[in-house]
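**Q** Okay, here's what each chain looks like letter by letter:
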Amino acid sequence: MSTAMRNTKVMNRFDLTSRLVAKLKHEEAVIGGIGNTNFDLWAAGHRPQNFYMLGSMGLGFPIALGVALAQPNRRVIALEGDGSLLMQLGSLTTIAALAPKNLTMVVMDNGIYQITGAQPTPAAQVADIVAIAVASGLAHSAWAADEEDFERLIDRSLAEPGPALIGVRIDDKPGVGTTRRDPVQIRERFMLGLNVRQPL
Amino acid sequence: MAVAQEKTSPQMLEEKTLQERTPQENTWHGIVLDTLKHNDVRIIPYVPDRVLTTLIKSLHADPFFTTFATAREEEAVGIVSGAWMGGVRGAVLMQTSGFATLANVLASLAIPYQIPLIMIVSERGTLGEFNYGQSLVCRTMRPVLDSLAMEHHTITRLDELEFIADRSIKQAVTTQAPVALILSPLLTGGKVFDK
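Quick note, the sequences are listed as chains A and B, same order.
The first sequence runs 15 to 214 under the working numbering.
The second sequence runs 2 to 196 under the working numbering.
It should be emphasised that the hints constitute simulated quantities derived from the structure, not laboratory data.
None of these values were measured; they are calculated from a predicted model.
Some hints here could point you the wrong way.
[Claimed, not checked] Not close to chain A: a few residues of chain B, all C-beta gaps over 10 Å, as computed:
#1 GLU21
#2 GLU26
#3 GLY31
#4 ILE44
#5 THR67
#6 GLY83
#7 GLU130
#8 LEU149
[Claimed, not checked] Label-pair ranges, simulated between beta-carbon atoms:
#9 B:ALA108 - A:PRO213: 40 to 48 Å
#10 B:LEU128 - A:ALA173: 49 to 57 Å
#11 A:GLN199 - B:SER148: 23 to 31 Å
#12 B:ARG140 - A:ALA149: 33 to 41 Å
#13 B:PHE194 - A:GLN139: 13 to 21 Å
#14 B:ASP147 - A:GLY69: 19 to 27 Å
#15 B:ARG168 - A:VAL198: 32 to 40 Å
Using N, Cα and C, we set each Cβ at its ideal position, and we do this for glycine too.
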C-alpha cells in the first residue's frame, strides 16, 4: 500500500499551506500543529480563525475535532506533522467513530523531526500514514500526488461531507516564520474569530 | 454532530435539592450528571474506569451529552479544549493512572492558554488498593496538581458533592483555569480486591 506514497512528489510545507489559506473564503477554522506546521501557517498570513499550538505535541487533530463538534456549521482544517500524528494515532479512530462532517486533516510528512535536528521518525522507512488512516476507519484519506492534486483534494474536502485526511510528502525545510509565542492572545483572538467572544 | 444546536437550554432544567431527588438521582453519579447539565457541560470524552461505569452509562443514555471514549486522556483534553474555544463546554472523565499522563498537556495547553478544563478523576490507589502500581501512581497526582498550582478538590461525601462540583465548574469557567475533581472511594465505594 505504500506505492502511492512513494510515487508522490516531494512538496514544500509553506507553499502548500499558502495554497490552502488562499482557498479559505468562509471563515474556516485552521488548527496549526506544534512547530514548523504552525510556523508556516503563521507565515502564510494571520487569520482570526487560526489557532497556533505552542506545545501539547500530537493534539492538533483532537483540538480540531473539539472545534468541529462545537461548531458543526463551520469547516475546520487541521494541519499536523507526521511526528506529531505518531504521538496520537489513536485519535484517528476517535475521529472516524464520531465522523464529523466538517473536518479536514492534512498530514505534512517529511519522515523527520526537522525542528529537533532532522532525526528520522520511527515510521519513516516502514509505515504509510494514509494507509494507517484508512485502516483507522477514515475512508476519505489520500496522498496528494503533487500541488495540483493537493488543491483538488482540498477543494473536494471543503465541498463534500467529511471527515477527510490528506497526506502530503514534504521536504526537509524549516518553517518560514515564527509564531509569536503569546498563548493567551492566540486563544482569545481565535475565539473572537469563531464568534464565541465579543471584543471588550 | 450538532452539539451546539438543538439542545435543551440549561436554564430550562430545574434545580433540585438533595431531598427532592429520586433515589436514582440521589447517588454520586446522578448528582455529577445533574451538575454537569446545570452548568451546560455537554461534551464528555472519557477513558473508562470501573467505578465510573454507571456515570458513563447514564451520560450515554442522555442526549443532552455527547459522550464518547478516547484512546488516551491527553486526546480527550485536546478535544474539550477545542470545544471550549468553539463555544461548547466539556469535561474529561478518567482514572488516577490516566491523570498521570497529563502533565505535559496541562503545562503546555490548558494552563498557558487559560482553558477551563474540567477533569473528573476516579481515585484509585488508596483506601483498599490491591494493585501496587496504582497505589504508586496515585501518589504523583496531587504533587503534580500542586506543582502547577491547579485547583483541585477531593470529594468524599455525598452531601458535599453538588456544592463542590457546581462551584468548581463555575469557578473554572469564570477564572479560565483548569480544575480537577477527585472522586474518593469514600464517595464512590472505589474498586476493591477484584479480578
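**Q** Does each hint fit the structure? Answer for all of them.
**A** Here is how each hint holds up against the structure:
No Cβ of chain A comes within 10 Å of the Cβ of GLU21 (chain B); the nearest lies about 32 Å off, and the non-interface call holds. Every C-beta of chain A lies more than 10 Å from that of GLU26 (chain B), the closest at about 27 Å, which supports listing it as non-interface. No Cβ of chain A approaches the Cβ of GLY31 (chain B) within 10 Å, the least distance being about 25 Å, so the stated non-interface status holds. Look at ILE44 (chain B): its CB is around 6 Å from the nearest CB on chain A, not clear of 10 Å, so calling it non-interface is violated.
THR67 (chain B), annotated as away from the interface, has a beta carbon of chain A within 10 Å; the closest lies near 6 Å. Taking the minimum C-beta to C-beta distance to chain A, about 2 Å, the non-interface status of GLY83 (chain B) is violated against the 10 Å cut. GLU130 (chain B), annotated as away from the interface, keeps every beta carbon of chain A farther than 10 Å; the closest lies near 27 Å. With a least beta-carbon separation of about 13 Å from chain A, LEU149 (chain B) lies farther than 10 Å from that chain, consistent with its non-interface assignment.
For ALA108 (chain B) paired with PRO213 (chain A), a C-beta distance near 29 Å fails the hint of 40 to 48 Å. Evaluation of the 49 to 57 Å hint for LEU128 (chain B) and ALA173 (chain A) yields a pass: the beta carbon distance comes to about 56 Å. Under the hint 23 to 31 Å, the C-beta atoms of GLN199 (chain A) and SER148 (chain B), about 26 Å apart, fit the expected range. Distance hint check: the CB atoms of ARG140 (chain B) and ALA149 (chain A) are about 39 Å apart, consistent with the given range 33 to 41 Å.
For PHE194 (chain B) and GLN139 (chain A), the Cβ-Cβ distance of about 47 Å falls outside the hinted range of 13 to 21 Å, so the restraint is violated. Under the hint 19 to 27 Å, the C-beta atoms of ASP147 (chain B) and GLY69 (chain A), about 21 Å apart, fit the expected range. Taking 32 to 40 Å as the suggested C-beta distance range, the pair ARG168 (chain B) and VAL198 (chain A) does not conform, at roughly 24 Å.
Hint compliance for this structure: hints 4, 5, 6, 9, 13, 15 are broken, all remaining hints hold.
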